[in-house]
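Use these hints to put chains H and A onto chain V, whose structure you have.
Chains as they are written, first to last, in our numbering: chain V, 1 to 364; chain H, 1001 to 1294; chain A, 2001 to 2316.
Treat each hint with caution, since some may be false.
Covered stretches of chain V, going by a simulated chain A footprint (3 or more residues, C-beta under 8 Å) [what the hints assert, rightly or not]: (1) 60 to 66; (2) 117 to 130; (3) 147 to 154.
Label-pair ranges, simulated between beta-carbon atoms [said to hold, decoys possible]: (4) Glu2209(A) to Ala253(V): 25 to 31 Å; (5) Leu2105(A) to Gly170(V): 51 to 57 Å; (6) Arg2231(A) to Leu1052(H): 52 to 58 Å.
Keep in mind that the hints were calculated from the coordinates and are not lab data.
For clarity, every value in this text was computed on a predicted model and none was experimentally measured.
Where a beta carbon is used, it is the ideal one built from N, C-alpha and C, also for glycine.
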Amino acid sequence: MSTESTGTASTGAASTGTAGTGTAGTGTGSTGTGSQTSLLAVDGLTVLLPVEGQQRAVLREVSLQIGHGEAVGLVGESGSGKSMTARAIDRLLPRGAEVRGQIRFEGADVAALSGAALRSYRNRVAMIFQDPRAHVNPVRRIGDFMTEALRTNLGVAAAAARQRAADMLGQVGIENGAQRLRQYPHELSGGMLQRVMIAAALLTEPALLLADEPTTALDVTTQAEVMAILDELRRSYGLGMLFITHDLELAAAICDRTIVMYAGQVVEVRRSELLHSDPLHPYTAALAAARPDIGQRASRLRAIPGRPLSAFEAPLGQCAFAPRCPHARDVCLTAVPELAELDGGQSRCARVAELRGELEAADA
Amino acid sequence: MVSAAIGITSGPVVTVRRRGALGLLRSTGLAGLASAAVIAVASVLAIFGPLLAPYNPELPNLSMAWVGPAGGHLLGYDFEGRDVLSRLLAGAQSSMIGPLGVVAGSMALGTVIAVVAAWRQGPLDTVISAGLDIIFAFPGILLAVLAAAVFGAGLTAAAVALSIAYMPYVARVLRGAAMKERGQPYVAALEVQGASGTSICLRHIVPNMLPLIVAQATIMFGWAMVDLAAISFLGLGVQPPAPNWGVMISENQPGILQGYPLPALAAGLCIVAVVIAFNVLGERLFEQAQAGRR
Amino acid sequence: MRWRFLARRLAMLMGSLLVASFVIFGALYLAPGNPISALSGGRALPPASMHVLEQRYHLNQPFLTQYWYWLENALHGNLGISITLQQNVSSVIAARMWTTGGLVLYAALIIVVVGIGSGVVAALRPGLVDTSVLVSTAVTAALPSFVAAIILILVFSVKLGWFPALGNGTSFWSNVQHLTLPAVALAISSLAIVSRVTRAAVREEADREHVQTAISRGIPARQLIRRHILRNAAIPIATVSGITIASLIAVAAVVETAFSLNGLGAYLVQAAESKDLAVVQGISLVLVTAFVVINAVVDLLYAALDPRVTLGSRAQ
Chain V
1 MSTESTGTAS TGAASTGTAG TGTAGTGTGS TGTGSQTSLL AVDGLTVLLP
51 VEGQQRAVLR EVSLQIGHGE AVGLVGESGS GKSMTARAID RLLPRGAEVR
101 GQIRFEGADV AALSGAALRS YRNRVAMIFQ DPRAHVNPVR RIGDFMTEAL
151 RTNLGVAAAA ARQRAADMLG QVGIENGAQR LRQYPHELSG GMLQRVMIAA
201 ALLTEPALLL ADEPTTALDV TTQAEVMAIL DELRRSYGLG MLFITHDLEL
251 AAAICDRTIV MYAGQVVEVR RSELLHSDPL HPYTAALAAA RPDIGQRASR
301 LRAIPGRPLS AFEAPLGQCA FAPRCPHARD VCLTAVPELA ELDGGQSRCA
351 RVAELRGELE AADA
Chain H
1001 MVSAAIGITS GPVVTVRRRG ALGLLRSTGL AGLASAAVIA VASVLAIFGP
1051 LLAPYNPELP NLSMAWVGPA GGHLLGYDFE GRDVLSRLLA GAQSSMIGPL
1101 GVVAGSMALG TVIAVVAAWR QGPLDTVISA GLDIIFAFPG ILLAVLAAAV
1151 FGAGLTAAAV ALSIAYMPYV ARVLRGAAMK ERGQPYVAAL EVQGASGTSI
1201 CLRHIVPNML PLIVAQATIM FGWAMVDLAA ISFLGLGVQP PAPNWGVMIS
1251 ENQPGILQGY PLPALAAGLC IVAVVIAFNV LGERLFEQAQ AGRR
Chain A
2001 MRWRFLARRL AMLMGSLLVA SFVIFGALYL APGNPISALS GGRALPPASM
2051 HVLEQRYHLN QPFLTQYWYW LENALHGNLG ISITLQQNVS SVIAARMWTT
2101 GGLVLYAALI IVVVGIGSGV VAALRPGLVD TSVLVSTAVT AALPSFVAAI
2151 ILILVFSVKL GWFPALGNGT SFWSNVQHLT LPAVALAISS LAIVSRVTRA
2201 AVREEADREH VQTAISRGIP ARQLIRRHIL RNAAIPIATV SGITIASLIA
2251 VAAVVETAFS LNGLGAYLVQ AAESKDLAVV QGISLVLVTA FVVINAVVDL
2301 LYAALDPRVT LGSRAQ
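In isolation and in its complexed conformation, chain V is listed as follows (with noise of 0.2 Å):
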């Protein structure tokens, strides 16, 4: 499979005078698509947002790319950035935000979109969000909440789009579509009625998917039902998907390839099935090792010291991870490192080609 080379090699220089550098994009001669092609382009994405009367990044420099049809899993801890950077393709930002790079939608500019431009890229980016509960307007029919966009957007009669919406609802695994739409969402139980906020997602025929954390508020059981239904109907739609998760073997099991974000910065870019046996970035082999295996024996939870910083916490000039990273060296603290190409993935490590097969399983 040529996932990883398509996906990695971006082109664009670095765009802003920030402490960050541009991805070293190496576009090689077997990626035959380029930014055109892609069905997303996030390039050297920085974001600010006020915070106590200051305009703070959030995100520096982040990069990434999704190929039609492919699903990628964009891994964090809290304050990583990863919600924010689904909210900057989303065009969700809080006001006031300030956003810097640029992102391109099947070629398009989506920061230059407008009016009618604007809703149908709403109408082929579909967002799932974390809390079904808090996301859907609770003073509304199911029903509506599915074929609003339906009807408003794409100018579908009511009928038909209420037909839809229920054909829909017997994909997701839920019974009953016809009286289903008829209820409210404080009748259904969390699990039903994330997989109406994705069946809603699913109706407009969107050609990329933005799930945001889909199954952190259910619980275990529901978890695995929902993932199930999102990675089949996925496949079944061929439709690209981002999925942020803060759970590294969630992402590695549904998604091709892997980004691993810390403190607003992507710091690994890797195939999932390597993240494990041959990660390339510190980071990513303490988020794996912290992470109990069943069968493993251990005395105590190899936890990673410190916490988890957002972009405008972070130390700049140097790397972001290195107060709290067992590998850290001089090298580490002279220069933000950058992202650079290694193996068909991509690492943001000083020192990657010589930690390269030291890391997996690593101790402090």
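Chains H and A in isolation, oriented as in the chain V frame:
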């Protein structure tokens, strides 16, 4: 800040956060402080008003009726030739005492009922809550008018009536807070150690609810003041010739039509100024109380 | 679900009405002296009149029986005789009902249109509009109706001559004119509260996650505001507006007195002063009933607007 809740005997009060009164006041910001200042002035006047009045507030002198501000009479004369400023100063007493009584009565009663309902829970709580919901329907002014009809016009009857009318509202608000407090782990800890319900309520739950109680009392003072002034305005509260801001508005109202608006307006301004002060301070204190509970 | 909520609320309100009527009736016995002197307002009556009173009020019967008779009569529209006016209380009420009703309706209209309107506008247009609404509501929220009354009379009647100062009008249109200043005086402080609550509710709703979902689906702004923000905010707005309007009923008495209107409230006050207890009881009962009815309407509205509502009181 979770102090050592486990392991104390009948010792000091366990609180989540405690500030002195001064600290609380300072945290209400500029508006809060300004309001507190206005309230302080009004309170001083309430106590010393009659002594501070330069002229006799009750002695009529019809030859000077409606005369405007002139030598020594900053605000002129009212409809019976009395010095307006003196009457305002003297009137502060009845205008402030009434609301104080209303607040004291309704807060005391409301707090007891709220805490008992929250502590006992179960059927007693259900009955009390239902009862409160039912009494809620009686508007304060109406009850005061009824009281005046039955017991005769006067400040006492009106104040008692308003106390009764406000009590359900107080009880409702405080019951919620009391229930939250009751669910805190330190309460369970104290219960396990054998502390009695009454002592826990009196020494721990109520003190922890104090910021809310004070905020509620402050806001209610403003409402009580408006309602009592209205009742005096109607002639069913403080009776003329006793000085009272509400009474002054009604007795000087004809002056507005005749071109002498100052006495009525001056009394109105006093009421509004003090009520705004209580509202603003009360709102700020309420915000602080909410913030402290998080 | 919603039906159970409504049934419980309506039962509560009927209970309120019953308790209130009991209190109103029982006031007769709380009065110092005996019931007859209370009814007569302390006036000396000839024995024949006393006998009539005894019969009418069944004063020789046990308390609860008396209460029952009184209530029954009230439900049939018979509220007794006014000592001072020597008329049926019910005819007195009927004559003055329209003034009070019109006044409260007028004030309610002002509160809904100006109060809710300004709140919505302030929430959706931050900046100068928002600040000016905030400032003006902060000032007017503390303005008691009788103080507002004298200011309005001074400015709009005496100085500007736009509106009459006192009394009712004669025709429909002059009625409206005469009721305008009183309606404004009655509405003004409630208006400020409703405006602030509306503003807060709309702002809070606009920040909610489900609005984000709608935005991400490309719902156009106008529809977003109407179907997701305002529709949801309508719940707390309607509840507060309803309660505020209900409270107007009591305060109307003050405004009617200030403007010399011949409404129920003004007459209630006069009757209280002259200790015409039958009138006081009759009008009190009517006013409390109106209060309860408005609260019932608010509950109905709440149940209609919020499908989540279950048992218990309105989420406030």
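Here is what the structure says about each hint:
1. A stretch counts as covered by a chain when three or more of its residues have a beta carbon under 8 Å from one of that chain; for the stretch 60 to 66 of chain V and chain A the count is 0, and the coverage is violated.
2. Here's how the stretch 117 to 130 of chain V fares: 9 of its residues keep a CB closer than 8 Å to some CB of chain A, so the rule of at least three is met and the hint holds.
3. Residue count for the stretch 147 to 154 of chain V with a Cβ under 8 Å from a Cβ of chain A: 4. That meets the three needed, and the coverage hint holds.
4. Between Glu2209(A) and Ala253(V) the beta carbon distance is about 27 Å. The supplied range of 25 to 31 Å therefore holds.
5. A hinted range of 51 to 57 Å for the beta carbons of Leu2105(A) and Gly170(V) is consistent with their spacing of about 52 Å.
6. Take Arg2231(A) and Leu1052(H): their Cβ atoms lie about 57 Å apart, and the range 52 to 58 Å holds.
In summary, the one numbered hint that this structure violates is 1.
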